[in-house]
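Q: Chains A and B are the protein sequences, given in the same order. Residue 65 in my numbering sits at position 65 of the first sequence, and the numbers go up by one each step. Residue 1087 in my numbering sits at position 87 of the second sequence, and the numbers go up by one each step.
Careful: at least some of the hints might be erroneous.
[Said to hold, decoys possible] On the chain B side, residues computed to face chain A include the following (Cβ under 7 angstroms):
1. Gln-1004
2. Val-1010
3. Leu-1031
4. Gly-1185
5. Ala-1189
6. Thr-1191
[Said to hold, decoys possible] Some chain A residues near chain B, calculated using beta-carbon distances under 7 angstroms:
7. Pro-7
8. Leu-11
9. Thr-25
10. Ala-28
11. Leu-31
12. Trp-34
13. Asn-44
14. Ala-47
15. Thr-93
Source of the hints: derived by calculation from the structure; they are not laboratory data. Idealized CB from N, CA, C, for every residue including glycine.
Number of protein chains: 2
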Amino acid sequence: MKPQDYPRSVLNMISALKRMPGVGTRGAERLALWFLQQGRNEANQLAAALTTAVETVGNCPECGFFAEKGCRCTACDDPARDSSLLCVVEQATDVLPIERSGSFRGLYHCLGGKISPLDGVMPEDLAIEKLIDRVKAHPGCEVILAVGSDVEGEATALYLAEQLGKLPCRCTRLAQGMPAGAGLGHADAITVMRALEGRRGL
Amino acid sequence: MKPQDYPRSVLNMISALKRMPGVGTRGAERLALWFLQQGRNEANQLAAALTTAVETVGNCPECGFFAEKGCRCTACDDPARDSSLLCVVEQATDVLPIERSGSFRGLYHCLGGKISPLDGVMPEDLAIEKLIDRVKAHPGCEVILAVGSDVEGEATALYLAEQLGKLPCRCTRLAQGMPAGAGLGHADAITVMRALEGRRGL
């Protein structure tokens, strides 16, 4: 007697769903059964959205953010943006949190990672040469280093500050301090130290 | 100045992913970015698996379990299965837990729900007529009612027992009692009551 199992195509769907991050065996099975119960429209709609996205989305040749293939992103194409402000981020996914803060009106530059010799990521693997070209094209601009404040982020910021120091630009770094809405009780020692170092007059 | 956002096709992908149960806005965005970073293969593979599954999977005309469209399921097609044992479950998704227990060698019958007048589900909405036909075709068979032990499940079991009482078959119900590996400390009062009622000699 063969044990009853899902048809082959359902098992394929389960294993494809399971490859997504944060989806385990039971979660994938639950999603697969949901798709079968919803009927073909739901599954076909997601399938089309996935295919279209990966086929049509590439990176902006200027800043590296997501853009329709072969096109510049909406920020690089927007003449109302201040091209004398350049915000350097690690990944394209770091752009949205800054945009959503509503307090930046300049352009972006995505490095594509951070310097991390242990992971084999060296400065030449990042879009640093392109950054230097862009800074040279806008003399007198401000470069805001919005890389992370972990060890690799700090190393990347230091390296960039050194490289950019030779160019006619001003180099700044995101402030470090207490996050909004947080009490001292939940802050770690390094955050408190940096908040004290960076204190401002009222 | 327009705020920078993901390209339209990425936003479409995010909203399609968000429709899946248990996936919120941030989860959908995280999955979408993961697909973009993985390259086109990963997304196309999931898209193909989804489309193939919903296009090719239907229900077994005999028992209602998932099967390739127009075909009977592997259990109904297996001559080694005992056709004098019929396990009645609410949903097609209830078959796998029983199969995985490795202790059932008969056939299944999926009702497609449970009697619940409050939700507008009446006996005629379930595959009960088909069940009666199958029982008539196998006189002397045993019908195991493996429906849930909630109010609607109990109502369904009672209704089926009454209908099947007129036919030449034996009607049984899954045992109720303590789940394997659980201590008394975690059991609710009704489970303990039913475990006491159903106690067995050693």
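Q: Each hint should be assessed against the structure and marked as holding or not.
A: Results of checking the hints against the structure:
| no. | hint | in the structure |
| --- | --- | --- |
| 1 | Gln-1004 | 4 angstroms, holds |
| 2 | Val-1010 | 5 angstroms, holds |
| 3 | Leu-1031 | 6 angstroms, holds |
| 4 | Gly-1185 | 26 angstroms, violated |
| 5 | Ala-1189 | 29 angstroms, violated |
| 6 | Thr-1191 | 23 angstroms, violated |
| 7 | Pro-7 | 5 angstroms, holds |
| 8 | Leu-11 | 9 angstroms, violated |
| 9 | Thr-25 | 12 angstroms, violated |
| 10 | Ala-28 | 11 angstroms, violated |
| 11 | Leu-31 | 6 angstroms, holds |
| 12 | Trp-34 | 5 angstroms, holds |
| 13 | Asn-44 | 6 angstroms, holds |
| 14 | Ala-47 | 4 angstroms, holds |
| 15 | Thr-93 | 5 angstroms, holds |
In this structure, the earlier hints numbered 4, 5, 6, 8, 9 and 10 are contradicted, and the remaining ones agree with it.
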